[in-house]
Amino acid sequence: MAGVEWVAPSTEDEALRYFSSDPPSAVVPIAGGTDLLLDLEAGRVGPRRLVSLSRLPWRELEWAPNALRIGSTRPLADIQADPRVRQAVPGLIEAILAVGGPALRHRATLGGNLARAAPASDVIPLLLAVGASVELVGADGHRTVPVDQFVRASRETALRPGELIRRIVLPVPRPSAYRWHRVRPVNDISHVAVGGSFDPGTSEWTVAIGGVPPRPQVERDRTLGARPSDAAIETFARAVAERVPLRGDLRASEGYRRRVVAILVARTIRAVAMADQIGSDRGSAA
Amino acid sequence: MTSGARVSLVVNGRRREVADVPFGERLLDTLRWRLSLKGTKEGCRAGNCGACTVLVDGRPMLSCLLLTHEANGASVTTIEGVEALSVGRAVVRAFEAEGGLQCGYCTPGFVMALVGHLASPGADRSPAAVRAALEGNLCRCTGYASIVRAAQRAAKEVA
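Just so you know, the sequences run in chain order G and R.
The letter at position 8 of the first sequence is residue 8 when you use the working numbering, and the numbering goes up by one with no holes.
The letter at position 6 of the second sequence is residue 6 when you use the working numbering, and the numbering goes up by one with no holes.
The set of hints was computed from the structure by calculation and includes no laboratory data.
Just so you know, even glycine gets a beta-carbon here, dropped at the ideal spot from N, CA and C.
Mixed in with the good hints, there may be bad ones.
Cβ-Cβ distance ranges computed for the label pairs, FRET-style [claimed, not checked]:
#1 R:Ser8 / G:Gly43: 42 to 50 Å
#2 G:Arg222 / R:Ser3: 55 to 63 Å
#3 R:Arg93 / G:Pro213: 47 to 55 Å
#4 R:Cys141 / G:Ala153: 39 to 47 Å
If you only want the chain G side, here are some residues facing chain R, beta carbon under 7 Å, derived [said to hold, decoys possible]:
#5 Trp6
#6 Thr34
#7 Leu38
#8 Ala42
#9 Ser54
#10 Gly101
#11 Val183
#12 Val186
#13 Asn187
#14 Ile189
#15 His191
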């Protein structure tokens, strides 16, 4: 941390130039910094230069006919406060509310969550469940990558050296929900978390189970339909819980996690199916 | 390559030019050690406890997880400046009236988190929203009941 340089470019070209001139480990982008600063202080990363993304005009919240585009450095608190987002992708609001406390959410960003790929990220399972993608910029131009291909493992992404996350694109509307289980309801990380969504166009359900190595596991189903019966939900939830590659650790045993996954998958699907109740409850309170 | 530079902040309404701030320094340390504003507390230094909460351009933020240079040009309000705000005075009075503190270490963070919420445009002052505004703050003494009462009282007073 001592001697690190910090620059805050105000244009995309200027930002990208900082990454083309130095070896990858020497230059690290910083958005909200709520996760990165912990690694910097602990000496787990030691760049020569931090390139702040905070002065870039990358904070848009734009509505296209079937997509919501969110600038990568838009603070989570802004997204959370937008009633249109709540309407279009309710699960995203629930996932954001599971991240830290209000002050942290005024700083933390979607781009940072994805680039850092923390194993306990609450927004990654939800972005996987709704089929979001990321638009990347680099010296070689733009490319779009589904989150499913972008997040490869804990702390491992498809970002190439010098590439930055420009925006996150979510298909809308997307009935969705996020449910989690943890020791303390706030300011704790989830043992297990489930993001779920229903695509009205294809009648496909997608759930993504977080807290699973090496990264959140995506499961899909086209037999449940828009109004699944309780029995069908239970059967699907148990099947998912049996096949996800769970591990035990100091937070919870494998067997316990499996039971919780089954419960949360069922709760998530019920929350989405009862669309008019979406957003009326919080996290594990369902 | 330099490892620091001048930072310009408006702290509690007063312009402060701070020379030679290392790029890796956090706002918490700048406030406490360069500007001697010790009311902002260091708790966990990892974003879990909320003790270091200050307002940056009116938004509650964790000063332990904010590089001072990221706040360059911003307006920062700390507990020392909170009574210059009408919402701040109401919150402080409510904490006094309800005994919303015991050892007091976490109090500046709770006060700033609450002021940040209640002073924001169109703030939701419902009991649930007011309680949620304090979710990021930990207290080891009070058991929270008196803090939550203070927060609800303050929300009614500023309404």
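Right, here's what the structure says about each hint:
1. R:Ser8 / G:Gly43: 42 to 50 Å: Taking Cβ atoms as reference, Ser8 of chain R and Gly43 of chain G lie about 30 Å apart, which means the hint is violated.
2. G:Arg222 / R:Ser3: 55 to 63 Å: For Arg222 of chain G and Ser3 of chain R the Cβ distance comes to about 57 Å; the hint holds.
3. R:Arg93 / G:Pro213: 47 to 55 Å: This hint holds: roughly 51 Å between Cβ atoms.
4. R:Cys141 / G:Ala153: 39 to 47 Å: Taking Cβ atoms as reference, Cys141 of chain R and Ala153 of chain G lie about 41 Å apart, which means the hint holds.
5. Trp6: The hint holds - Trp6 of chain G has a Cβ within 7 Å of chain R, the shortest such distance being about 4 Å.
6. Thr34: Holds, about 5 Å.
7. Leu38: At 6 Å from the nearest chain R Cβ, Leu38 of chain G passes the 7 Å test, so the hint holds.
8. Ala42: violated (10 Å)
9. Ser54: Hint on Ser54 of chain G: holds, closest Cβ of chain R at ~6 Å, below 7 Å.
10. Gly101: holds (2 Å)
11. Val183: Result: violated, 13 Å to nearest chain R Cβ.
12. Val186: Because about 4 Å separates Val186 of chain G from the closest Cβ in chain R, which is inside the 7 Å limit, the hint holds.
13. Asn187: holds (6 Å)
14. Ile189: Check failed: Cβ of Ile189 of chain G comes no nearer than 10 Å to chain R, outside 7 Å.
15. His191: violated (17 Å)
When the structure is compared with the earlier hints, violations turn up for hints 1, 8, 11, 14, 15 and for no others.
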